[in-house]
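A.B. asks: Here is how the chains run, residue by residue.
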Amino acid sequence: MRGVFLLLISLLLAVNSYAMDSPETVEINALAQYYEPVEFNHQLHVDVAGDCSVCHHHTTGTGTTDLYCSKCHSKFEELVTVSCADCHSADPFSAESIHRQSQQDLFHVDMNGLKGAYHQNCLGCHKEMDGPTGCQDCHTRNKAGDKLFHAGEFAPKAPEQAASH
Amino acid sequence: MSNVSRRKFLAGGLAGGAAVMLAPAKKALAAGSFTGFPDGMGVLVDLTRCVGCRSCEAACNKEQQLPAPELPFDDLSVFDQTFHHGTQKRRTTEDAYTVVNRYEPENLDKPVYRKIQCNHCNEPSCLTSCFVNAYTKTPEGAVIYNSKVCVGCRTCMVACPFHVPAYSYSKVLDPVVKKCIFCYETRVKHGKPPACVEICPAQALTFGKRKDLLKIAKMRIKKAPDKYQPEIYGESEVGGTSWLYISEAPFEQLGFDTTLQKEPILDNVKGFLGMVPMVLAIWPALFTGFHLLSTKHKDHGHDDSHVEEEEQ
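Protein sequence lines, in the order shown, are assigned to chains R and X.
With positions in the first sequence counted from 1, the corresponding number in the working numbering is that position plus 235.
With positions in the second sequence counted from 1, the corresponding number in the working numbering is that position plus 422.
Rather than coming from a laboratory, the hints here were simulated on the basis of the structure.
Any given hint could turn out to be false.
[To be verified] In silico negatives: residues of chain X with every beta carbon more than 10 Å from chain R:
1) ASN483
2) SER658
3) ALA703
[Unchecked claim] Now the stretches of chain R that chain X is said to cover, found in silico as 3 or more residues with beta-carbon under 8 Å:
4) 276-284
5) 308-319
6) 343-352
[Claimed, not checked] With a cut-off of at most 30 Å between alpha-carbon atoms, the simulated DSBU-like pairs for lysine-lysine come out as follows:
7) X:LYS633 x X:LYS645
8) R:LYS362 x X:LYS633
9) R:LYS306 x X:LYS649
Please read these numbers as outputs of a predicted model, since none were measured by experiment.
From the three backbone atoms N, C-alpha and C, an ideal C-beta is built for every residue, glycine too.
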């Protein structure tokens, strides 16, 4: 099993010319209000995922593996917009986005926001690959986050098991 | 002259009577027609996406300035809490307008987390049951209430088919009903999504116009028919709700009441209630008219008139 994995990695490194200009790490700070920034090891995920389209759909020039997407995006062309935030809005419920939902002639009316796209993609894969899945495995909460969750120094003083109804 | 007016009067009386007779049927037909405000907002809850992180509970607590919880919001042991001898999972309370529960459906290898809160019905039974008119369904879709006029009778708690309104039992003086108000005052009124939607990491909650969300939900089901149940919970339950659910597991295995009627709760009594003012307004006039007509040619001016009638 490990041998296959290593072989896969070496193969990937060999054909990794696509990822040559990709960043080593990406700092994700979309949840800065409650969490410390996440230092995303891009290179590690490139090695593990193998195919850029696993995360980048059809934008990196490697084609798409998703049959559904390939109906339109079958061309192997690299797009200018590659980063997640280029398509997935950080504010998916702005007036503009709500208006977009009502435009039935657009195809991607049900596009995830940035946070939703990250978590659905990351968590889904992390569960399959036994990666970290707990919130704080990736995101360290800051003080405001602790306050929001009533955790850490803001934890309830005398916790009781049974809540009243 | 008197004959004409009598004929006219009788015709009018018959028409009035017919109106009274027909009123219930007509009202009942009209009752189901309100399907919410055209641009009313809603939230689509995709239960296949929820990861059970309880962030929505934390955000609600902060936004609505609710009291501190008994356990931190990152404590997942609350999913094991049950009440009434294990028959009931956590419910919304005066201190928690939304609650996430964990379910383990039969044919699924992973748990399903379900967020509950007020579903903001198109035709809310809490509103129609409230005799002080404390509740309002706003054009934005929110069902809000005025706690200043609430007398704490708890009729809405009985009326709600989802058992959502909670009562401030902790308050000795002036206890009121408390529930999710769709973050109306602080957010939805200003075009912003509710706090729970905004914080949801997995976008299990999608905020939008209800009519668009229905289309989006149908699109998701159509795109992955093996993944989703074919129904949208809330599309037609009790006349439709602003909050809609789609799920991988059957709804009845996730604590949803799938036996609810498709018509608004109010429909059960609307026919009767619509008749009451008609009866009150028309019957006195009608029967006074009949009485006057039947006694028209009799002399009412004398004290001995009744004596004469008795003699006859």
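A.B. asks: Each hint should be assessed against the structure and marked as holding or not.
C.D. replies: Hint by hint, here is what the structure shows:
no.	hint	in the structure
1	ASN483	violated (8 Å)
2	SER658	holds (21 Å)
3	ALA703	holds (44 Å)
4	276-284	violated (count 0)
5	308-319	violated (count 0)
6	343-352	holds (count 7)
7	X:LYS633 x X:LYS645	holds (19 Å)
8	R:LYS362 x X:LYS633	violated (34 Å)
9	R:LYS306 x X:LYS649	holds (21 Å)
Comparing the model with each numbered hint stated earlier shows that hints 1, 4, 5 and 8 do not hold.
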